[in-house]
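J.: Protein chains in written order, with this note's numbering: chain F, 1 to 517; chain X, 1001 to 1098; chain G, 2001 to 2633; chain L, 3001 to 3119.
Source of the hints: derived by calculation from the structure; they are not laboratory data. Here the structure is a predicted model, which is why all the values come from computation and not from measurement. Heads up, some of the hints might be wrong.
Under the rule of at most 30 Å between Cα atoms (straight-line distance), these lysine-lysine pairs were calculated in the DSBU-like manner [as the list claims (entries may be wrong)]:
| hint | chain 1 | residue 1 | chain 2 | residue 2 |
| --- | --- | --- | --- | --- |
| 1 | G | K2450 | G | K2530 |
| 2 | G | K2171 | G | K2375 |
| 3 | G | K2381 | F | K398 |
| 4 | L | K3060 | F | K41 |
| 5 | G | K2171 | G | K2450 |
| 6 | G | K2381 | G | K2530 |
| 7 | G | K2450 | G | K2381 |
| 8 | L | K3114 | F | K41 |
| 9 | G | K2530 | G | K2375 |
Taking CB as the label site, the calculated pair distances span [claimed, not checked]:
| hint | chain 1 | residue 1 | chain 2 | residue 2 | range |
| --- | --- | --- | --- | --- | --- |
| 10 | G | L2614 | L | W3111 | 52 to 58 Å |
| 11 | F | A491 | G | V2388 | 48 to 54 Å |
| 12 | X | Q1050 | L | N3034 | 46 to 52 Å |
| 13 | G | R2600 | L | M3096 | 55 to 61 Å |
| 14 | F | A491 | L | V3090 | 25 to 31 Å |
| 15 | G | L2614 | L | K3060 | 32 to 38 Å |
Just so you know, even glycine gets a beta-carbon here, dropped at the ideal spot from N, CA and C.
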Amino acid sequence: MNGAIEAPTIEYGQLMPMLLVFGAAVVGVLIEALAPRYLRKAIHVPVTLLSLAGAFALIILQAVRDGVPEQASAMGAIAVDGPALFIWGVILVLAFISMLLINDDDQFVAQAAAVPGSPEEEDAVAQGGAHTEVYPLALFAIGGMLLFSSANDLLIMFVALEVMSLPLYLLCGLARRRRLLSQEASVKYFLLGAFSSGFFLYGMALVYGFAGTVDLGGISSALASVGGQDSLLYIGVALLGVGLFFKIGAAPFQAWKPDVYQGAPTPITALMASGTLVAAFGAVLRVFWVALGNLDWDWRPVMWAVAILTMVVGAILAITQTDIKRMLAYSSIAHAGFLLIGVIATGDAEQNSGSLSGILFYLLTYGITTVGAFAVVTMVRDAGGEAGHLSRWAGLGKRSPLLAGIFAFFLLAFAGIPLTSGFFGKYAVFAPAVSGGALGLVVVGVISSAVAAFFYVRVIVLMFFSEPAADGPTVALPSVGTAAVVTIAAAATVVLGVFPQPVLDLADQAASALFIR
Amino acid sequence: MTTHYLVLSALLFAIGAVGVLVRRNAIVVFMCVELMLNACNLAFVTFARQHGNLDGQLIAFFVMVVAAAEVVVGLAIIVTIFRTRRSASVDDANLLKY
Amino acid sequence: MEPVEIIQHSGGVIGVAWLMIALPLLGAAILLLGGRRTDRWGHLLGVVMSLASFAVAVLAFVELLGMSGDQRRREIELFQFIPGMVDMGLLIDPLSIAFALLITGVGSLIHIYSIGYMSHDPGRRRFFSYLNLFVAAMLLLVLADNYVGLYIGWEGVGLASYLLIGFWQHKPSAATAAQKAFIVNRVGDFGLAIGVFLIWTTFGSVAYGPVFQVAGQAEQGVLTAIGLLLLLGACGKSAQLPLQSWLLDAMEGPTPVSALIHAATMVTAGVYLVVRSGAAFFPVGSTAALVVTVVGVATLLAGAIIGTAKDDIKKGLAGSTMSQIGYMMLGAGLGPVGYVFAIGHLITHGFFKANLFLGAGSIMHAMNDEVDMRKYGGLRKLLPVTFVTFFIGYLAIIGFPLLSGYFTKDGIIETAMHHSPVLGWLAVLGAGITGFYMSRMVFMTFFGQKRWAEDAHPHESPAVMTVPLIILSIGSIFLGGYLVLGNTLANWLAPAVGGPEEPIEFHFVTTPGIATLVLVAIGAAFAWMKYGRAEVPVVAPRGSFVTTFARRDLYGDAINESLLMRPGQWLTRLAVFFDNRGVDGVVNGIAAGIGGTSGRLRRIQTGFARSYALSILFGAAVVAGALLLVGNI
Amino acid sequence: MELYLPILVLAVLAGGFAVFSVAIAPFTGPKRWNRAKLDAYECGIDPTPQPVGGGRFPLKYMITAMLFIVFDIEIIFLYPWAVAFDQLGVFGLVEMVLFIATVLVAYAYVWRRKGLDWD
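The following block holds chain F by itself, in its conformation from the complex (with noise of 0.2 Å):
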């Protein structure tokens, strides 16, 4: 019991990004706690708008003024190297814009405690109450998604799974209308949530048994040292990536998504669909690419059979969907097959970083894709909420063309059209993945690309070539924050399908050095 034990290095600077967007939810609480219940928005909106735009400006500045990192910080536990840079930019970006859409009125519950139809909730929405704790509590989830992506040990990755989740799970439940299906997809998406964290902590302590750390590092070269012929390896990871898989919506751990997205309030879907998903990735990349990357014989097979699952899953199963937003549940569980497709196509140093390359600047532009969309979903009305139904689109078109033409956009984003970010986002995938060696994952990917396509436009035909109906739902005027998400998403899907050069270098050049170790 002598002898000071030596004080950890941490990084602050590197890590301030994720501290500013921390520090602002810790406030953001405060600010539950001591200001007036009125003006709490009114506070709440400025600071956290201006602490995720200040992450990304010190994101900039970090990558412009002093490059990229080449040591993991904060004693390695924590990895800010260029391909988490630009993920962190991606999840800030896409988490500002989804802040404007929670931003708007009218989507949160009046009283989350209060039982649907009760007096009491009539009371409180009489008294315009609203849980202004919805913006502290997607600080803290927006937090835990860029803590998930660049964590470089797998306790930090799984506290970050955590903080990342928990609020979602809160947040879920707590849409306005049909609050049922809001509180069952609130408690579907915990429990599997955490049956699933369960499977991922479970393998961690396998993964940890055999390497002896938890290091991504050190489990690389304990692959090395201790040899790879260990069942309690491959069961750790195994279920290391049950856990994963079952963020992104991986077929078969895919059953939840449909369900918490059509249940969950939209804006919230937005967030989850877009910031979850990167984040997510960002994850799957460092686990299999950085700690498993000698493996990859092992898991590549397998995970073949799971990214083929997963896009055919979701591409045929969105064919019948009835509810638009089901519909853009099971096209994310396409994309996330077509994302897999890039993290099976590894090779030599030059081979990955082309194949992360794409990775990163497909995250970009289906996060954005998908924001907007979920934000035309926003607007298009019924007496008792959103019209999820798709049949209650029918005609949209010929009600209000310049809403279903945006919509019409985006799916065709969604399907690939060129001239849409979508289709580079593609190419950017497919073209590494062939010079990789994963030809048959691209024509199977092609194959459900075109399936999607299908059901993509079988929505346009039914905004444009139907009649709309006699009591069809209406087009909510925008407030203003909705209406920039809008167009910043259809902005930024044009100008990426139509000059996506500069963002393509970029992309190249945050995953030229690839991971730290």
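Once you've looked at the hints, dock chains X, G and L against the given chain F.
T.: Relative to the frame of chain F, chains X, G and L by itself:
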């Protein structure tokens, strides 16, 4: 003789996983999840002893904290849906499907 | 004389030629995104953007004039579009600048005219934003230096055309017409897309320069295939047989739209495509060129015959447009000499047909939007300016000596005659029919007894509408002579499309020329007897089977219906059958099978959280088992 | 023979056992219900007063329990810190103050939003 602890941990984990599948009451399901987490803790501590380093014990601390947070969030959600539906059965929450 | 080399260019007005596209695009964006706020001045912004684009075009034209002939093909690079595949750039050469001048010039006039025409329409701002969008897309189509850029513009004008035909969506007929145009054009666009794709796979590039350079080395079969696919695209956009049926219905759109898009500019895109690709894919004597001429002749006759029986003034003019574009197509299939007259006719037609359409618009404006010529009559005294300008347009289109149409149409006929007497005489016959149906239109409208309804109070249109008419009619008089005499146009176009070895001489007195004039005169006289002198019944008489045939657009719709629509509908019905929830949609055969699978598979998603947990556990077991298996092999 | 294969075997056995015991329970166990079994358990005496709707407790108990769990669990970090306080030095102190400050923010929230009021 750490193997026994690992066996116990595997048993606990399996009981937890099966419990999630067969029990209907959301709170019991949730307790089964917690059981799985505790099984993990046992495994971590055992492996820490095997490897002679403290990482595993440290992780166990974090897992306990995370589990506590999960309890709070989970119970809040379950109680809310119970108050709405007057039922804590996970099978009754079955509006979102197909 | 071969086309000259393409030269990389930077600086000058040509260096910023992209402004031509960007300005109207910006206008469209402001008007669409600005919403109601821009209602008050939106139309003015539209006009200003169009005029600014015209100004850039004129300046670029002047700059081009300042260069010697072999320097006049300038290419400017914009940006890398698809990495390693397509570099986006603009090609400013005599051909493209001629189109740009026509599009922005006539386009600006029609913008101005529309201020008056749409003054009472609540959607005027939206109308101008679509018009600006159209101008931008059309300019991209003609200015792009590669087939992909052309294709984007091609789809863009299709979109603008769809939006404008269906502008008055509250009219079911307009909505149907818009859909019809959309679908028929998809058939053509499909051909174009495959053609472009084939070009890329064959030559490894889609830019005009490299493609035309190596085109000669490709296999003959591939060249023919590309040519025919491009022609299919051209047929769709330019309303040529067999994809002509949409144009007549497209007249449901506001009249300025009919003038700008469906007479002067967009429908000539097909001619542009054929002329632009001419040297590479439609050389004289090739199969593809032969098919072009046959399509042209067939359409010019079909259009003329349809024109003879229409009582709707706009549909009559639409038939006439088909027919005139048929002449251009015919010219475009005849090599460099033909190109000169095809482009010449395209330009003069742009003027006199816009003139006629705007005249028709002015008449409708005066007659409470009545389009039935049987309810006109004797309007010449009430609408003097409209009458005079319309009459000039009429003289131009029938080829009255020394007016614009005379030079260019006779040029095409003479070149065709030189090429193949059969084609030539058919073209002469077409000119005769033109004389008949155009005279019929003029006599029914402006001469004879007044037959209009009690509540119609014909009056001359305001100056904002008549001034464009006057400008266009001046063009209708002089432009043809200016372009053809002295080889102005031929010399101008030679660097871009190649030219004949010796200058083209225009003969005023030739056998086909005289035959044409005689036939036109007979047609006009026949029309006078039937519609000028005699009483025109207000309700159309039943007429012979030939009349019925023509009135029904030569059964074009019936043929389309039985060949294309029925199988399509059958497929749709099959698909809907599989579409278990009855969400309607157009589903094709393969998808029906997938849809069925999907319908069964989605039942797996039971909604029970515990069954999802089971699938997770099951998945975990399978993944672990598979990893163990793979790892231990 | 691998070192950890027995774990796998035992895991399978354990799973089988768990399934078996849960599946067999409804068939083997006695099903004799009586009033006392269905009652809420409150230290062996009847709950007073008899609650309406089948022995449910007010939510306040749950909220209190949850608050207890959340604030109790922080001891898990405090304890190791207290043991090694000497060696951890200033860095450890600063970190721990930050940690407690963060927890205090949550405490402030609960307090201000009347989470601690019984009525």
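J.: Give me the numbers of the hints this structure contradicts, sorted from smallest to largest.
T.: 3, 10, 14
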